[in-house]
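Please build the complex by placing chain B on the supplied structure of chain A, with the hints as guidance.
Below, each chain spelled out in residue letters.
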Amino acid sequence: MTGADLQALAPHLVLIGGTLALLLAISFVRSHVLALAVTLATLVATLFALPASNAAGARVIDGFLAIDAYANFFNALFVIAAIASALLGYRYLERRITLAHREEFYVLLLTATLGAMAMASATHFAAFVLGLEVLSISLYAMIAYPEEGQAPLEAALKYLVLSGVASTTQLFGMALAYAATGSMAFEAAFSASSLLAVAGQAMILAGVAFKLSLVPFHMWTPDVYQGAPAPVTGFVATVSKGAVVALLLRYVVETGALGAAPLVLGVVIIAVVSMVVGNLLALLQDNLKRILAYSSIAHIGYLLIAVVLAASISGAPMALETGMVYLAGYFLMTLAAFGVMTVLSSEAGGEDAERLEAYEGLFWQRPLLAATLSAAALSLAGIPLTIGFIAKFYLFAAGAEGELWTLVWALVIGSAIGVYYYLRIIFTMTKTPAAEDEGEAREAAPAAERAGAWEAAAVVVALGAGIVVFGIYPTPIIDIARAAAQAFGG
Amino acid sequence: MELTLFYIAAAVAIAAAALVVTRLNAAHALVWLVVALLAIAVIFFLLGAPFAAALEIVIYAGAIVVLFLFVVMMLNLGRRSITRERLWLEPGMWIGPAILTAILFGEMIFLIASSDTGDAGSPIGPKAVGEALFGQYLLAVELAAMLLLAALVGAYHLGRRYLRDRREEAS
Numbered sequence: 003m004t005g006a007d008l009q010a011l012a013p014h015l016v017l018i019g020g021t022l023a024l025l026l027a028i029s030f031v032r033s034h035v036l037a038l039a040v041t042l043a044t045l046v047a048t049l050f051a052l053p054a055s056n057a058a059g060a061r062v063i064d065g066f067l068a069i070d071a072y073a074n075f076f077n078a079l080f081v082i083a084a085i086a087s088a089l090l091g092y093r094y095l096e097r098r099i100t101l102a103h104r105e106e107f108y109v110l111l112l113t114a115t116l117g118a119m120a121m122a123s124a125t126h127f128a129a130f131v132l133g134l135e136v137l138s139i140s141l142y143a144m145i146a147y148p149e150e151g152q153a154p155l156e157a158a159l160k161y162l163v164l165s166g167v168a169s170t171t172q173l174f175g176m177a178l179a180y181a182a183t184g185s186m187a188f189e190a191a192f193s194a195s196s197l198l199a200v201a202g203q204a205m206i207l208a209g210v211a212f213k214l215s216l217v218p219f220h221m222w223t224p225d226v227y228q229g230a231p232a233p234v235t236g237f238v239a240t241v242s243k244g245a246v247v248a249l250l251l252r253y254v255v256e257t258g259a260l261g262a263a264p265l266v267l268g269v270v271i272i273a274v275v276s277m278v279v280g281n282l283l284a285l286l287q288d289n290l291k292r293i294l295a296y297s298s299i300a301h302i303g304y305l306l307i308a309v310v311l312a313a314s315i316s317g318a319p320m321a322l323e324t325g326m327v328y329l330a331g332y333f334l335m336t337l338a339a340f341g342v343m344t345v346l347s348s349e350a351g352g353e354d355a356e357r358l359e360a361y362e363g364l365f366w367q368r369p370l371l372a373a374t375l376s377a378a379a380l381s382l383a384g385i386p387l388t389i390g391f392i393a394k395f396y397l398f399a400a401g402a403e404g405e406l407w408t409l410v411w412a413l414v415i416g417s418a419i420g421v422y423y424y425l426r427i428i429f430t431m432t433k434t435p436a437a438e439d440e441g442e443a444r445e446a447a448p449a450a451e452r453a454g455a456w457e458a459a460a461v462v463v464a465l466g467a468g469i470v471v472f473g474i475y476p477t478p479i480i481d482i483a484r485a486a487a488q489a490f491g492g
Numbered sequence: 010m011e012l013t014l015f016y017i018a019a020a021v022a023i024a025a026a027a028l029v030v031t032r033l034n035a036a037h038a039l040v041w042l043v044v045a046l047l048a049i050a051v052i053f054f055l056l057g058a059p060f061a062a063a064l065e066i067v068i069y070a071g072a073i074v075v076l077f078l079f080v081v082m083m084l085n086l087g088r089r090s091i092t093r094e095r096l097w098l099e100p101g102m103w104i105g106p107a108i109l110t111a112i113l114f115g116e117m118i119f120l121i122a123s124s125d126t127g128d129a130g131s132p133i134g135p136k137a138v139g140e141a142l143f144g145q146y147l148l149a150v151e152l153a154a155m156l157l158l159a160a161l162v163g164a165y166h167l168g169r170r171y172l173r174d175r176r177e178e179a180s
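Residue numbers (the working numbering), protein chains in the order written: chain A, 3 to 492; chain B, 10 to 180.
Looking at chain A on its own, in the form it has when it is part of the complex (with noise of 0.2 angstroms):
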């Protein structure tokens, strides 16, 4: 390991000293406001690393960790995506939690993110567990952290058993793999004649397909959303999904994974049943967080033709810029979502502001709350100026160039199925409240406390301004995304 490798290892050297860092303030003074200080000043010194980082030009690392501009978009995503849940965790543990301590959490936030950094460079079977598992069961605690209730434990304990499921189905095909071609290693040349390693890529894509919630391996997500707090859910949703998506893209286009015709037309399969079957169900919920579970799942299976056309040597380019430039709306829409509830989380006793009654007529009450929650929705529905325009613009991009029509169709009519329950949220907002007492004694009621969540709200509103800044003028995020993905692999 030389010098210049250290450099290009400086923003996960520091997200590790700030854990550290984090461990030894909680071990001698128990604060919950000095732990999200040491937090987000580790966070924020690992953004201002990620810079130092691509100074030191693209590099592997011990054949292990692929440090380049890619992985380093990936990793500011995950780094902001972290300083948002901190930022909106901490009013919510605050109000929450009152026996248990509190600092724990950020301690699992940070190495859940650096589980996803490694995830996001990953070029070595190994290190593909490993950052796996570090996100993975800093998740199964963070989303068992509430103290009270039942539905948090439940909703870990579910995730912690089919993920280990899927993690051993993606061992196993990870054996297979090795049993055929004889490396560990990415880059290892994949023979779509040998049995063994089709087999072994298809139990691998199944893991993943169950990390990332597609139908027909979705069957947690709804519950899992549902029952953790409200910031974790935003965190899963974005960061765990956003780790395996970047991964999966630098695996097919560095093994040629998806080589095999059988496997191509599997992945083509379970997008477009992803993408209907997940705005169906959507349409039944009234829970919002089961709503945005459902349309996770189409979401994802949206981005899978980005997977797919990676798969062709001449679409790389093409589909890894895609995918950076989907994930990065996606996460921004996401968690200005899941901010508005944890917002109202916070303020409000009990469970989760996660019915839709409960926004009901935000739009007089909370006007910047509800404007926001809009913005996020009509950003998920793809309606022009917001950057899910733009990310969905990519999407078919990528599906014509490389003329994937069958899942151009399916994304579709998928969005046009989408839009119904999108435009719902923001039908229930507008709605006066049915009594109108009602109303004023749940305005009346967190008034003094409201006051308090001010650091949360200005997230969920940067995040909301994102949405329509970048969706009017996305020049940055397409340039950086562009760069990053011609420099790939060269």
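Honestly, the hints are just simulated from the structure, not real lab data. Don't take every hint at face value.
Simulated restraints on C-beta separations [as the list claims (entries may be wrong)]:
id	chain 1	residue 1	chain 2	residue 2	range
1	B	178	A	485	15 to 21 angstroms
2	A	196	B	134	30 to 36 angstroms
3	B	35	A	471	52 to 58 angstroms
4	B	179	A	150	45 to 51 angstroms
5	A	471	B	142	44 to 50 angstroms
Ideal Cβ placement from N, Cα and C applies to all residues, glycine included.
Same frame as chain A, but now just chain B:
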């Protein structure tokens, strides 16, 4: 010859693993788990990795499973557990695991007596393992350290909840 030995050990591993999952009694399942791990250690030995085989026995069969056994047996202390412990120690329970372990033991004796390296390639000793761990796979070791840290912090937090629930039940 080696292939036959491999199939015997593999059959023992699968049979023991199937029994682990189907046993209703946690303590019995753990005993079968020890047998499965021993069988896997024999397979490692056959593949020319005596150090990995030794680690499998020392760490998995030795430390981790015995720790599990202690935890399972120490939970729910009280009069009920004494009768349960008597059930766990029913005579005859040990016969199955003993037979499978004897098969593995016979294999090991045979292997050591014949002492030919066979076509499995050169054996990989502790030094080679150490060099790989702290050379090529240094980053993997660091990542694994963070994995354990996350697991530790998570278990600590969830364990406190469990302890509090129990205290409330007691009072």
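Status of each hint after checking the structure:
Under the hint 15 to 21 angstroms, the C-beta atoms of residue 178 of chain B and residue 485 of chain A, about 60 angstroms apart, miss the expected range. Checking the proposed 30 to 36 angstroms range against residue 196 of chain A and residue 134 of chain B shows it holds: the Cβ atoms sit about 32 angstroms from each other. For residue 35 of chain B and residue 471 of chain A, the hinted distance range of 52 to 58 angstroms is satisfied, since their beta carbons lie about 57 angstroms from each other. About 19 angstroms separates the C-beta atoms of residue 179 of chain B and residue 150 of chain A, a value inconsistent with the hinted range of 45 to 51 angstroms.
For the pair residue 471 of chain A and residue 142 of chain B, the beta carbons lie near 48 angstroms from each other, so the given range of 44 to 50 angstroms is met.
When each numbered hint is compared with the structure, violations occur for hints 1, 4.
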